[in-house]
Amino acid sequence: MIRSLDQMVEKVHSLNRKQRIAVSWAQDANTISAIHKAVSYGFAEGILIGNVSEIRNICKKTGIDPDLFSLFHADNDVAASEEAVRLTVNGFADIVMKGLVGTDKFLRAVMDKKKGLMLPNAVLSYVCALEVPSYHKLLFITDPAVIPVPTLEQKVIMAEYAIEMAGRFGIKKPKIALISASEKPGKHFQSSADYEVMCRKAKNGEISECIMDGPLDIFLACDKKSVEIKGFDTPVNGDADILLFPTLESSNPFYKGLMLFAHGELAGLIRGTIKPVIVMSRSESEKSKFYCIALACLMA
Amino acid sequence: MQPCYQRNQRDQIKNCIIDGPLAFDNAVSLESAQHKGIKSEVAGDTDLLLMPDIEVGNVLYKSLVFFAKAKVASIILGAQVPIVLTSRSDSEQAKYDSILLSAAASK
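So the protein lines, in turn, are chains X and G.
Heads up: the first sequence begins at 1 in this note's numbering, then just goes up one per residue.
Heads up: the second sequence begins at 301 in this note's numbering, then just goes up one per residue.
Treat the hints as calculated values from the structure; they're not laboratory data.
Under the rule of at most 20 Å between Cα atoms (straight-line distance), these lysine to aspartate or glutamate pairs were calculated in the EDC-like manner:
1) 225(X) with 390(G)
2) 115(X) with 104(X)
3) 336(G) with 284(X)
4) 187(X) with 353(G)
5) 369(G) with 265(X)
6) 230(X) with 392(G)
7) 336(G) with 104(X)
8) 224(X) with 392(G)
9) 230(X) with 390(G)
10) 336(G) with 286(X)
11) 395(G) with 228(X)
12) 18(X) with 65(X)
13) 336(G) with 319(G)
14) 184(X) with 390(G)
15) 371(G) with 345(G)
Facing chain X, from chain G, some residues (calculated, C-beta under 10 Å):
16) 332
17) 336
18) 388
Which bits of chain X does chain G cover? Going by a derived footprint, with three or more residues having C-beta under 8 Å, they are:
19) 125-138
20) 180-191
21) 221-227
22) 240-249
23) 254-264
These numbers come from a predicted model, not from an experiment.
All residues carry an ideal CB built from backbone N, CA and C; glycine is no exception.
The task is simple: from the sequences and hints, build the whole structure.
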């Protein structure tokens, strides 16, 4: 079982596979240095698409050999995104990554019904693995980035994506806490009604193998001591592997709070596509950017 | 948040500076706000976070208490006297600090 993001990197390294990563509009120093690190670790090849002379200039300035990568020219960010997706659809790349292009333009190429990378009728969602020193293992959270207010059906799919990812980390039967403000179901919360149905589905085997309970608050999900004090009976028992949040507004401050105040690092990935798609926020740390690439290679 | 902001601008909500919507990182980290190029009197130097609903506010404070070892003192306002309503799983320190806070808030 992988218990930290560095262990995840070791695991990817031990797979002895090289994933070809197509980067859209790649003339960005941060992106190139993160890709370079993955190439140096031996688990990635970089296909950089964009303004080739600018890419070469950035490489020169940062002391990176541009001939380590395959370079392709594109006239603009939209063309670069379409080309990155096209290469991946046609089997010339294994992973697509966003460079300097805006997220909306990039995802438009990914989600294009004819030429894109979407699985038929798939739900696009984001799962992320968080490493926080004050927790005894990795914590997977969903969805802090893509679906604002998930429906019941979307929540079930979010759970499935997280279970699948946890599986790649060697977690066979993950404990999933369905998060709310309290362990008491409330009739004002849409989440309470959805969670009741989800727990029933999990029990009936309509959701992949997991231990699911909710609503639970953060304490009962992650802190054994709180479970003891409250004397509350939950199979998650303060030992959650996965936290599923009711809304993006609740999960987004959660992960940002842990990044800012609890020394967290993360590796996150979009799910619902044929091949892994890497979208990173400009404000993520250098380390987290590298972890995102490694995670995509693990899931490829 | 727009009406809130507007009322604040018109001095209908007094003695504070309101801005929003702000992402959590931009509200509390000047570095994040500058990185995103957000110009706001509040960003990076917030005193009070107003949350969109109880699931958001509850998750945030509990995560900071558990994962970041934050200290917390809390009271309920709106009654004739302050009400101390801590959770059973709150620490002794949190309960004591909540008593102090309610004493300070008491008229």
